[in-house]
Amino acid sequence: MNAIEIEHLKKYYGEVKAVDDISFTVGRGEFFAFLGVNGAGKSTTISILCGRQPRNGGSVKIEGMELDSHADEVKRRLGVVFQNSVLDAPLSVEDNLRYRAALYGITGGAFQKRLGELTELFELKELLRRPVGKLSGGQRRRVDIARAIVQEPEILILDEPTTGLDPQTRKSVWGIVHRLRAEREMTVFLTTHYMEEASDADRVVILDGGKILANATPLELKNAYTGDYITFYGADEGELRAAGLVAERVGEGLRVEVKDTAEATALVLKYPALFRDYEITKGKMDDVFLNVTGKKIEG
Amino acid sequence: MKLIHLIRRNCKLYFKDKALFFSSLIAPLILFFLFVAFLGDVYRDSLTGILPEGAEVPKRLVEGFAGGWLISSLLAVSAVSIAFTANMVMVQDKVTDRFSDFAVSPVPQSTLALGYYISTALVTAVICLLALAVGLVYLAIVGWYLSFADVLFTILDTLLLVLFGTALSSVVCYFLKSQGGITAVEVIVSAAYGFLCGAYMPISSLAKGIADTLSFLPGTYGTALLHEHLMGGATDEIGTLFSGEFADGIREGFDCKLFFFGNAVPEWTCFLVLVCAIAVLVGAYVLICAAPWKKRKKKPVTVAQPN
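Chains A and B are the protein sequences, given in the same order.
For the numbering used here, add 145 to where a residue sits in the first sequence, where the first one is 1.
For the numbering used here, add 50 to where a residue sits in the second sequence, where the first one is 1.
These aren't lab readings, by the way, just hints derived from the structure by calculation.
Among the hints, a few may not be true.
To be verified - Every beta carbon over 10 Å from chain B, so not counted as near; a handful from chain A, in silico:
#, residue
1, V225
2, L310
3, W319
4, E341
5, A361
To be verified - To spell it out: a stretch of chain A is covered by chain B in this simulated footprint if at least three of its residues, at any positions, have a beta carbon under 8 Å from a beta carbon of chain B; those stretches are:
#, segment
6, 193-206
7, 230-237
8, 257-269
Unchecked claim - DSSO-like mimics (lysine-lysine), calculated; alpha carbons at most 30 Å apart, straight line:
#, chain 1, residue 1, chain 2, residue 2
9, B, K258, B, K144
10, B, K109, A, K279
11, A, K415, A, K404
12, B, K144, A, K279
13, A, K270, B, K52
14, A, K279, B, K258
15, B, K144, A, K155
16, B, K52, B, K62
17, B, K52, B, K66
Please read all numbers here as calculations on a predicted model, not as lab measurements.
C-beta atoms are modelled at their ideal positions from N, C-alpha and C, and glycine is treated no differently.
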């Protein structure tokens, strides 16, 4: 069974088609990335998915349940981390977790048990009594995620969770998310405009102008929308030109773009003398995005 | 259980947010400093000034009377201004998008709205009753002329005014959507409400047109009730020293007795006005909270057929 099934979803604001007839599924336990520039329709889709906004058409099923007829059950199965932290800064970490858990009926002994699990999972022991306002950005993000999964949801929605965080903190946030996936087999639905984050996903949907332009694994997208790159070290441009290859200098190497891995293999066989020190790499998600949407993503 | 935890969260947020807590004390502090600086002397002089020539009243009676004015005015202002700042927890939740966060949890909007109302009323009631307790101790020191019934009625007046202030602030705060709006309302309420409800100076001392206009505001009836129950004992004592008519004159001059276009308003009517105002405002709050929710449910969801 799929964790999320969306069919022909539509959301219009007057003449503006924020979400324009999109359909996709997210498998259970999958790490799914929703990629798009600001205004592509990512957040609107998430809002509809969480039952925060009505839609103009289409159907949404979460864990096999219709969103409209099972709103409360669906909400119990979703944990959401918003782009901007929604923690209560004057309250302690423990209070933030306690009051969130109470909304799902987790109180008393059940809460204490859950608090123990979350404290261990997110290494919060030293932070429990501290006001959230006094935590660093990374610590706060950890608490945000702990709070989002306090009711043990099946699906974790991360709405641009690392925007504005430094690289070290981003790395630590992803460490936690990957641990959750590995240990709890949680479905993760990510919206992001960071290409390297999307490239780690099991599947990527590229959204632009409310429409889905691509829906595949990162490898399939790279194969379909970008070529491979051969980087030669120790070769000179003349040698490459003689072989009919157009190269650009990248760092200490000379990089040549080829159509696919088969073309790279053919070149290795045809000009073995050129391949003294080299590497063959896939195109990047930035190139995929640029080729799919014609837009360069910032960030 | 969800409601209890929401109330606890809202109350804790209010008391932990020092800026919010102290801003709610601005209006009562203004009144307190005005009283210490000159209003106290003004009321003492007003009372002694209208005594028959050569007549004197004990100092404790003058202090008990002026103290009753201060405490009743303080409570009248606090019940509304503290309710407004306590309700800022709701506005801040809206401004900082915590409403969206609540919307993804299985908590009904009606529970959220009730949570804000009850927590605001609780916070305001606790602070006002504490202020009343301090005020009663002060009166016991400078001049005690209250009966047990006066104390009970004062508690009732305070609680009714708290419910009124909470309902009024809930309706107003519901429409605030920005930090600027929060600040503007806080400033207006802190600065203006004391004048509007007759706490800073008696309505009877204002021009007739203004006094008549202010008599349309339900808060003034609550203030009048507090004046009567905290100053009535001292006023009656003055009446026994001079005459009942003299005491009546004092009651009218110091707003213990309120007039609506020249007609004296009985005490039970003051209670009725206050209760009706609470009922109307709570009804309005329920309506405005329910309206967007209903609208959302009514919106037809057309399911497109797959091609």
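Q) Which hint numbers doesn't this structure obey? A) Hints 1, 8, 9, 10, 14 contradicted; others consistent.
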